[in-house]
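Chemist: Residue strings, one per chain:
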Amino acid sequence: MNSLVAGLGVGCMYALLALGFAVIAHVTGIANFAQGTIAMVAAYALFSLADAGLALPLAVILALLSGAVCAALVHLIAVKPLRGEHESFTWLLSIVGVSFALEGLAGFAYGYDERVAVRLPGVKGSVDMAGVSVERLYLLMAVLLVVAVILVELLFARWHATGRALRAVAADPTSAELAGVRSARLKMAAWCAGGAIAAVAGIVSAPMLVLSPNMGHTVGLLAVIAAVVGGMGRIGLAPVIGGLLLGVTQISAQSAFGGEWTQIVSVVVLSGVLILRPQGLLPERHGRAA
Amino acid sequence: MIAMDVSPALRAAGVTATGIALLAGALAIGPKHAGLYGLFVITWIGLMGLNIVFGHGGQFNLAQNTLYGIGAFAYGVLTTRGMNPWLGVAIGTAFGAFSGAAMTFVAGRVRGLGLAILTLGIALATPDLFSATSLTGGFNGIVGVPPLSVGDKVLAGNGLLVVLAALAFLVLLLTRYWLTSSWGSALRTVAADPEAAAGMGLNPSRYRTLALTLGGAIIGFAGALYGAYQGYLGYLSFPVTMVILWYLGVILGGAGTIWGPLIGAGVITVVPETLPVSDDLQPVLWGALLVAFVVLAPRGVVAGLHRLMPRPSRSLPLAETAVAAPSGDLPERGRPGGGVVLDVEAMTKRIGGLEILRDVSLQLRAGTVTALLGANGAGKSTLVNCLSGYLPPTSGTVRLDGIDITGAPPTKVYRHGLVRTFQHPRLVTQSTVFENVLAGVHAVERPNALLSALPAIVTRKTRRRQDRAVSAMLTELGIGHLAGERVGDLSAGNRQVVSIARSLMANPAVLLLDEPVAGLSLEEMRRAAETINIIGSRGVAVLVIEHRLDFVRSVAEDAYCLDSGLLIAHGTLDQVLGDPEVRKAFLGTAEAKVPTSEPVDEPRSR
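For the record, the sequence lines run as chains A and B. Take the first sequence: its letters are residues 26 to 315, numbered as in the working numbering. Take the second sequence: its letters are residues 107 to 712, numbered as in the working numbering.
If we strip away everything but chain A, and leave its shape as in the complex, we get (with noise of 0.2 Å):
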């Protein structure tokens, strides 16, 4: 039972990376390989800010800015400029690289060593329910989820003219041009919300991941492998369901292999759907519902 629940506080962590994910997939049909680096500069980000003295929640608010601002970067410098080469993944090696930068970039600043992210209030120790001890953060996480989910159905609902507009985009970015809708900016807003995704999960998944700057290796995997999971370029419940399931399997896995084996069997969990179910665990349409 514990076992469960750390697997579904895990995996809570995952659904949000992948979340962010596939918001950027979904809109641009682009795999940023880059979340888990936008997650650590938002850690790093929130760390430095904290250091500094400056009041917890607008060191958040500015967290959450950075890993926008990092998105979009990452959307400008590595994929923009390679217009019309999308179906060749060129890109793909782009985002690589920037993020191998980003990497180095905080190494550079904040040396290699692990540390001691900053905690967030309140999310020490653990809480009794019905008899199962929860960590305090698992709960945060489960509830920044259920919000993120939320807003993104909020970002792509029907009702409004944006979402609208996204859903054309996501659809078919050519005849959404064609149709007046500029695809470009919301291309672009899809990237910004994407990263701020990203920095929620690094900023609450820092102290269980201890920071540093190869974090995003691990946590960038991590949520393409979730995403792929709950199915490709999709939103809604499917990133959340392909999360919820990683985090599950990983901690079973590890408590009956041992933790070395932890990154293998994530991999061989995304071979396996990639090789038997590549349009992802969820049967069609349902991820989209909300």
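Hints listed in this document are in silico derivations from the structure and should not be mistaken for laboratory results. Just so you know, even glycine gets a beta-carbon here, dropped at the ideal spot from N, CA and C. Possibly wrong hints are sitting among the right ones.
Covered, in the sense of this in silico footprint (three residues per stretch, anywhere, with C-beta under 8 Å from a C-beta of chain A), are these stretches of chain B [what the hints assert, rightly or not]: (1) 219-225; (2) 231-240; (3) 369-382.
Some chain A residues close to chain B (C-beta under 10 Å, calculated; not the full set) [said to hold, decoys possible]: (4) Ser119; (5) Ser124; (6) Leu127; (7) Asp138; (8) Glu139; (9) Val168; (10) Leu169; (11) Gly245; (12) Val273; (13) Ser277; (14) Trp286; (15) Thr287; (16) Gln288; (17) Ser291; (18) Val293; (19) Ser296.
With chain A fixed as given, assemble chain B onto it according to the hints.
Modeler: Here is chain B on its own, set in the frame of chain A:
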């Protein structure tokens, strides 16, 4: 991709000079830089492998550190248990090839982005994989990996460097030979446009497998040499950063070129040691360089150098054009003039609830050019797609020389002798005209992969024959002088002719031309008409889908007219054009004049 615009003599001289320089470097280098030189040479071999996978084969396989590590650990594990080092290298190579082939199983199911995601996962998990197994020494790794040796004599110092340089040079010679052959052209054709390649008889999954296996073997080979060279293998010896550096090396040098890996390996091994940048900032530099090259100079340094090279002659050497017999040395299908070659009976195609084609029956005769007329949306492109295997017809039969080819995939249809072109020529724009057409020969001849990789006399003969056939074709169609030009630099008209030349290399019985003169100038159109008349006179049954009636008049004898998926007329061209129903459907009104201006392009249906 490999520019052909540098004379063969100069290229041969370049190869020889490289070999001499490598060996001289290996002999002359002092003990201070010897270690770096060895790493450079081994990295070069690895990059040549990656270049085949990614540069020529277009596969995003990111698990290079895994393949490299597998080769190295295979060597380390076996030789520490007493195996002969060279046998260890051979087995490391085999492991690399095997692992590459295993990834093709995945690549067969998961393509493009999926393969990239999966192999990135594998690349990231690689250190965990090597630390988790006791065979590879767990967290301790393998200490004291035996070095390479000849007999009882352990290779060391400059002697070892000479051996490594010689091996790298050998890999260069073999891969260069292979990549400039029709195999290389075919590989690049598949990488650029798998769908179009299938229509030329090139089975994409076969070439994916080939690229990943061959690349895997070379990377495994480099890994084994690395193990022997370093003497220590740890679980952190093959981090994911290596993948980023290797990709940077291949792209910076020039993906899909012959010399790119050499330049790339030099940069990624030598620069870190000599640049006055602190170790902490190096990842920033590599990341920034990777972005800069991908975004600003995706074709790399070699492409830039090529622009500076002297271009002695753009045309084919005179001797080659002189010996060219009209049909080359390839076997020609004998077609009795006038007989029905392609027989389509009652073909219907429904997509969703829509009937795009209804009961279409048509016949193409050898040596006859037939026009298929029809307004936009009449179903012409759907008909071509159904005939060439890109779409399965809902009902009806297609017989080619009496053989039922209904619903066969494009590769099969091609082998039976039905070839199509696309409205927008789907060629490898980075490659030269010559290379593009060479891929067309490959699909017909399909030489043995192993044989064509060996510089044996037999296959040199094959190569010469293929080269002659391509030259002859280019000359016959009047584009011999363009052989060395990059297709990307050609006019739309010339691209269309190249595309036709490539199709003709198969000696097809039936050629389907989908709007061959859309967007061409009058002069280009006149040349295209000449080309098509030549093809017809060779006994090929040609179907031309075209709106431009002045053009159709200059090529076609027979015609069919489609309207809303229904054949409304067929007969000689004059009969069809005179048919009042055709005039009404095609020209709007029965009295309308025949238009010569270009109508709007029909949306391409695939």
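Chemist: Given a cut of 10 Å on the nearest C-beta pair, is the interface hint for glutamine 288 (chain A) held or broken against chain B?
Modeler: It holds, given that the least Cβ distance between glutamine 288 (chain A) and chain B is near 4 Å, below 10 Å.
Chemist: Verify the interface restraint on serine 291 (chain A): the C-beta must sit less than 10 Å from at least one C-beta of chain B.
Modeler: holds (7 Å)
Chemist: Is the interface hint for leucine 169 (chain A) satisfied, with its Cβ closer than 10 Å to some Cβ of chain B?
Modeler: At about 26 Å, which exceeds the 10 Å cut-off, the nearest Cβ of chain B leaves the hint on leucine 169 (chain A) violated.
Chemist: For the segment 231-240 of chain B, do three or more residues have a beta carbon lying closer than 8 Å to a beta carbon of chain A?
Modeler: holds (count 5)
Chemist: Restraint: leucine 127 (chain A) near chain B, CB-CB cut 10 Å. Satisfied or not?
Modeler: Hint on leucine 127 (chain A): holds, closest Cβ of chain B at ~7 Å, below 10 Å.
Chemist: Closer than 10 Å between Cβ atoms is the bar; does aspartate 138 (chain A) clear it against chain B? Give me holds or violated.
Modeler: It is violated, given that the least Cβ distance between aspartate 138 (chain A) and chain B is near 12 Å, above 10 Å.
Chemist: Do the numbers back the hint for valine 168 (chain A), that is, is its least Cβ distance to chain B under 10 Å?
Modeler: violated (30 Å)
Chemist: Under 10 Å, Cβ to Cβ, is where serine 277 (chain A) needs to be relative to chain B, so tell me if that hint holds or is violated.
Modeler: Result: violated, 17 Å to nearest chain B Cβ.
Chemist: Close enough to count: is the Cβ of glycine 245 (chain A) nearer than 10 Å to one in chain B?
Modeler: holds (9 Å)
Chemist: Does serine 119 (chain A) meet its interface restraint, that is, does its C-beta lie within less than 10 Å of any C-beta in chain B?
Modeler: holds (4 Å)
Chemist: Are there three or more residues in the segment 219-225 of chain B whose C-beta lies within less than 8 Å of some C-beta in chain A?
Modeler: Answer holds; 5 residues pass the 8 Å Cβ test.
Chemist: Can you verify the interface hint for tryptophan 286 (chain A): is its Cβ closer than 10 Å to any Cβ in chain B?
Modeler: holds (6 Å)
The structure does not agree with the numbered hints 3, 7, 8, 9, 10, 12, 13 stated previously, though it agrees with the rest.
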